[in-house]
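Enquirer: Line by line, the protein sequences give chains A and B. Going by the working numbering, the first sequence opens with residue 628, and the numbers climb by one from there. Going by the working numbering, the second sequence opens with residue 628, and the numbers climb by one from there.
By construction, these hints were calculated from the structure, which means they are not laboratory data. Any given hint could turn out to be false.
Because identical chains cannot be distinguished in the list, a pair is counted as satisfied if it fits within a single copy or across any two copies.
[What the hints assert, rightly or not] With a straight-line cut-off of 27 Å between C-alpha atoms, the simulated DSS-like cross-links for lysine-lysine are:
no., residue 1, residue 2
1, K662, K1024
2, K968, K1063
3, K1074, K815
4, K669, K1063
5, K1024, K1063
6, K1023, K761
This structure is a prediction, so every number in the text was calculated from the model and none was measured.
Number of protein chains: 2
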Amino acid sequence: MADSKPLPALNGNPAAAEALLQEVFGIVVDEAIRKGTCASEKVCEWKEPEELKQLLDLELRSQGESQEQILERCRAVIRYSVKTGHPRFFNQLFSGLDAHALAGRIITETLNTSQYTYEIAPVFVLMEEEVLKKLRALVGWSSGDGVFCPGGSISNMYAINLARYQHFPDCKQRGLRALPPLALFTSKECHYSIKKGAAFLGLGTDSVRVVKADERGRMVPEDLEQHIIMAEAEGAVPFLVSATAGTTVLGAFDPLEAIADVCQRHGLWLHVDAAWGGSVLLSQTHRHLLDGIQRADSVAWNPHKLLAAGLQCSALLLRDTSNLLKRCHGAQASYLFQQDKFYDVALDTGDKVVQCGRRVDCLKLWLMWKAQGGQGLEQRVDRTFALARYLVEEMKKREGFELVMEPEFVNVCFWFVPPSLRGQRGCPDYEERLSKVAPVLKERMVKEGSMMIGYQPHGTQGNFFRMVVANPSLTLADMDFLLDELERLGQDL
Amino acid sequence: MADSKPLPALNGNPAAAEALLQEVFGIVVDEAIRKGTCASEKVCEWKEPEELKQLLDLELRSQGESQEQILERCRAVIRYSVKTGHPRFFNQLFSGLDAHALAGRIITETLNTSQYTYEIAPVFVLMEEEVLKKLRALVGWSSGDGVFCPGGSISNMYAINLARYQHFPDCKQRGLRALPPLALFTSKECHYSIKKGAAFLGLGTDSVRVVKADERGRMVPEDLEQHIIMAEAEGAVPFLVSATAGTTVLGAFDPLEAIADVCQRHGLWLHVDAAWGGSVLLSQTHRHLLDGIQRADSVAWNPHKLLAAGLQCSALLLRDTSNLLKRCHGAQASYLFQQDKFYDVALDTGDKVVQCGRRVDCLKLWLMWKAQGGQGLEQRVDRTFALARYLVEEMKKREGFELVMEPEFVNVCFWFVPPSLRGQRGCPDYEERLSKVAPVLKERMVKEGSMMIGYQPHGTQGNFFRMVVANPSLTLADMDFLLDELERLGQDL
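Whenever a hint applies, use it, and build me the whole structure from the sequences.
Expert: So this is what it looks like as structure tokens:
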């Protein structure tokens, strides 16, 4: 039976809770922030899975543990985790550790609310609106709508669902069987979430028509138009084109103006997956790469990538001013979105989304922006371009590096050609042998903990490295390190 | 052009970053944790939207701000946010502030990685597996699969998509138009995400057949069977039943054994939406409410609700051992899930999901569980039941409270009957007048900041309050406060 005392442990004991959190925060600062971003520390401490399981003692038992044990667990979790804020973590499209964004994340986690009503998220409902407005302004829209989604893949799905609903509002109630066969279009360089989304939304992956890309990875608008005409000839109804601004591997920007022309001619929804490249809009120097984006109907943009806002910060932006989001997704749950509230219920934005509870993803970006200003963020973006350019020029000076292509963004794709393969290009097994280099080097760097960089095969090309310059703390020395370290790791190959 | 110095502000200046974070953490402890969970402080500081916009100065400008300004912004964000950890926040199915879970969240945010590969999330790939295994064991499964999703709504969608794929694997490639019309079944008390999911997945809301609930809000299995037979007679193919363990408003538990019998007879996938009630499985005393859950094919369970793990912590659990998740959702992106890695690529779990990047949601629950033990968490759950029971008994002693029904869970639904309406039941406008009470009281409590509790109309019944006993720090005094405060706020009505 309940009594008047709170439970043991920390429930209802604020002083003990504070003391624990102070201790944990100290560990976080020492281990994850100070060491985790220090170039002379390891970027990762590799352990084989079985050994790591032993070290972590993951099992959840009936008995609780002492504070000392818990603190030791916190240390172990950090010790064996990869340091994505480390200046030699080049592995993904996100990296770096922005202190202001992290401050925003800690506040978010402590306030622990859901974004669905003004009632329980007054600050964040207004803030999300303001942040989305700013992002829309950078796209070139003075009005519109939007929402933060749990990742770019889901933003892309939203775009597909919204386009489908706009063309065929019946779909919401009656489903796809009441509709003609639909077709959407994207390039072969697009992110895999487009096909995942088509499957999840019931359209099927066959509904995705794959358009050619040119030698630099950019969608070919003429081929897009051909595919549209072909789809129509086959009896399908085209409804959406998903262009990409910043492709995942090559960092290519689809020609948005030409694609927008095609969409206009055929009455199609233009979605721009700018999850990776969207942040380039902040740069006066480089935003021309996205010329035409203002003609899109929807844009997916992840500030957790190039702006280092922290996972996840994924905006879906819409040009629509007809409340399409809410009409498409709304279900009017009466327990949450009561219509007899004492404030303007238009502020309860939760019915715009297919989630119910939704995390607050705006504060981290807002606080970082307030601190850095648009100018500071612009400098960051410009700097990543400059560092990527420096890296490319340095590669050209060294014997063992071969560029896949001149990059137009901050993805630098290249082969490291080890000594034994230099000058062998054209030999029958050259490609095959070269393709085996990256996995070996990757294993070596991870096991040493010196660096992390991704590789992949791509089309007909064997494994090459994809260097991503995104961490705002990078310097020329980190670029030099990358080159030196690959030479060191690969000298015996 | 890039130079060798890092950017100004905090990029690349670890000492300044640390100092900022220390300051912010101090503010978080003082304002959000200490005051935010203190009964004598306000649960919220209500401001009208226009006034709040002014106070927050939300606009994002070109110029950055000083550290002092940023710290003041952090204080303002916390000041005007609702304190969901406050002992008088009863408004949602989540509340309270668990220090260990928050510690896990702070570490998660600092490490800032994505859950998709062992390469960049070694600790969390293994930890997620262990946590899911533990949750499955509580369901009654010694094997299976699962994943953490961004909220219960998306978990429910996953279940629908998986059931559809299992019945009709063709759907992934060819889409719903290649399939017969499908039907799924849930009760009228189910969460609104089932209909949202059906729309999003292209099935359409019409595909959701709404089964009767009894007077306590529990699905009627006989009516379920009738609906299945009817759907078949209409030419639809039934494929899934979504039962609810802990309905949103009434806290009802559908009779899972009887529903499982029906599913077995008709060969249907049984999904249990236990987003709210799943945590009752931890209690030896109360877990009988979910008897039969082990016969389900999938279970959605949100430890961020009754266990206070923090938003979001939403597990989708599967009985399947055939790699259904990966077969259904996989897209084999070659840039992320390389097959020539130097470790077992089965550890790269990212292709199980429809997201690409995915937040780490396991650590907060794992750390809390390690600290409290299963026993500690069981005590918590038992205690919420006991406090809810106490509240119900106290309500029966007071004139102004009328229960909607005897609760079987920790949702206590009731009307506050103000003095002017007492003894008036049966009068022609009684229901209408009673329905206007809750919105007025809600406005008063929010504007005073003394308490937050939700209300809603439900079926044919006018607005009543839904008290949720979930915060692990609650005491009998908080229950007494609720009653006293409603009497105080409503004394002139």
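Enquirer: Which of the stated hints cannot be reconciled with the structure, identified by number in ascending sequence?
Expert: Those not satisfied are hints 1, 3, 6.
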